[in-house]
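*Asks:* Sequence:
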Amino acid sequence: MRSHLLNDTTAEQYRRSVTDGVERVAAKLAATDRPFTGVSVDALSPRIEEIDLDQPLHDTAAVLDELEDVYLRDAIYFHHPRYLAHLNCPVVIPAVLGEAVLSAVNSSLDTWDQSAGGTLIERKLIDWTNERIGLGPAADGVFTSGGSQSNLQALLLAREEAKTDSLAKLRIFASEVSHFSVKKSAKLLGLGQDAVVSIPVDHDKRMQTVALARELERCKEAGLVPMAVVATAGTTDFGSIDPLPEVAELCEQFGTWMHVDAAYGCGLLASVKHRDRIDGIERADSVTVDYHKSFFQPVSSSAVLVRDAATLRHATYHAEYLNPRRMVQERIPNQVDKSLQTTRRFDALKLWMTLRTMGADGIGQLFDEVCELAREGWQLLAADPRFDVVVQPRLSTLVFRYIPAAVTDPAEIDRANLYARKALFASGDAIVAGTKVSGRHYLKFTLLNPETQASDIAAVLDLIAGHAEQYLGESLDRAS
Numbered sequence: 016m017r018s019h020l021l022n023d024t025t026a027e028q029y030r031r032s033v034t035d036g037v038e039r040v041a042a043k044l045a046a047t048d049r050p051f052t053g054v055s056v057d058a059l060s061p062r063i064e065e066i067d068l069d070q071p072l073h074d075t076a077a078v079l080d081e082l083e084d085v086y087l088r089d090a091i092y093f094h095h096p097r098y099l100a101h102l103n104c105p106v107v108i109p110a111v112l113g114e115a116v117l118s119a120v121n122s123s124l125d126t127w128d129q130s131a132g133g134t135l136i137e138r139k140l141i142d143w144t145n146e147r148i149g150l151g152p153a154a155d156g157v158f159t160s161g162g163s164q165s166n167l168q169a170l171l172l173a174r175e176e177a178k179t180d181s182l183a184k185l186r187i188f189a190s191e192v193s194h195f196s197v198k199k200s201a202k203l204l205g206l207g208q209d210a211v212v213s214i215p216v217d218h219d220k221r222m223q224t225v226a227l228a229r230e231l232e233r234c235k236e237a238g239l240v241p242m243a244v245v246a247t248a249g250t251t252d253f254g255s256i257d258p259l260p261e262v263a264e265l266c267e268q269f270g271t272w273m274h275v276d277a278a279y280g281c282g283l284l285a286s287v288k289h290r291d292r293i294d295g296i297e298r299a300d301s302v303t304v305d306y307h308k309s310f311f312q313p314v315s316s317s318a319v320l321v322r323d324a325a326t327l328r329h330a331t332y333h334a335e336y337l338n339p340r341r342m343v344q345e346r347i348p349n350q351v352d353k354s355l356q357t358t359r360r361f362d363a364l365k366l367w368m369t370l371r372t373m374g375a376d377g378i379g380q381l382f383d384e385v386c387e388l389a390r391e392g393w394q395l396l397a398a399d400p401r402f403d404v405v406v407q408p409r410l411s412t413l414v415f416r417y418i419p420a421a422v423t424d425p426a427e428i429d430r431a432n433l434y435a436r437k438a439l440f441a442s443g444d445a446i447v448a449g450t451k452v453s454g455r456h457y458l459k460f461t462l463l464n465p466e467t468q469a470s471d472i473a474a475v476l477d478l479i480a481g482h483a484e485q486y487l488g489e490s491l492d493r494a495s
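Residues in the sequence shown are numbered consecutively from 16, following the working numbering.
No lab work stands behind these hints, which were simulated from the structure alone.
Even for Gly, the Cβ is constructed at its ideal location relative to N, Cα and C.
Label-pair restraints from in silico Cβ distances:
1. 485 / 391: 25 to 35 Å
2. 335 / 39: 42 to 52 Å
3. 217 / 335: 51 to 61 Å
Pairs of lysine-lysine, DSSO-like flavour, derived with a Cα cap of 30 Å:
4. 202 / 184
5. 178 / 202
6. 437 / 198
7. 437 / 43
Start from the sequences, fold in the hints, and give me the full structure.
*Replies:* Below, the structure is given as structure tokens:
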């Protein structure tokens, strides 16, 4: 069994095995003509259930053959131009190369004596991101597993900085279309059910700062503590960006921690054309970024950034076997001192490889392309009487629904849109997401692939209309 360990004696076997796997994936990518096969849970489950994990195949080629049957053939491929569903981007080759390197070397980014250069590379990328945001010379941060963890850590710091003995008095303010991780974080942090105050949004799905001011004032009058305001720079459903300068003014006025959830909108940090859309982000106390959404990185690659490095002390614990306090005096950099995680992958290497190969402008140009594509998609939807589109995009998301000319029952229209999404997924021809707006079912395009064209959007809209019309026709037949 030692022959499977990666070391100096098995380097050639490693090369052959990985090359075989890469060639198979490359062949699959080249041959993929739709984002999904349409396989059902009932069809795929038995193939996996029948595999006996206690009976190994003893050969990586045989394992790859099996993997083709249970995974590669039916995987959902985000690189396909008609994958239009969630916040999943196609990935750039330098980042995938970084993934291969980091997996093989397997550094753990918790302490210097497990990562050395990896620690310094991550710190350099944190500094680079902070410079892009404009948080100032005292800023710091750390890579995380994703936006939810970044939001959790930011709100942990905000809770501790609020300096109150009564958690029941703490309040978090976020728009009604903010990410669910805000409420989840409040629960994990031991706050009450009423801790998150939902702020209404305007027609463009942006937080209404007049309402925010009113709620902050009400909070103070009631003797409560406004712990944090979470402004979103790129909501999951709409890609909307809250008015960051106005939110910053209110946070300063009320002495409240300002957190910006830019998990989606962080691509604007590299944008060549649209950086001004997140003006005001530089006034935040903390910021969430997801490189694996808007920087075309493989999952996972996220970070939480803070204006004042000293606030990261709230996540610091010292263990004699890992990061004893004496290391601080010895100026030994241990990333675990500022992370919620201990063992942690060297995910920063993927972004490092990307920047060193493509540069920030290269990433920004790709993100600008999907923003422009969304504008073209909005024009198509606005001009098509078959569809109702909710808001003009600020990033790359379009929320809309099919509206049949001959049907006026909102519930029946809901069912037609739900059916269309399900039928489209089952066909494998395209994948779109769904959400609710004012209690009604809508469909959603999340455009993160620069290879997607306006013609793809038009074609998918025709497919959606066709499936919806089929449902409505069958519905009428059933009713007659």
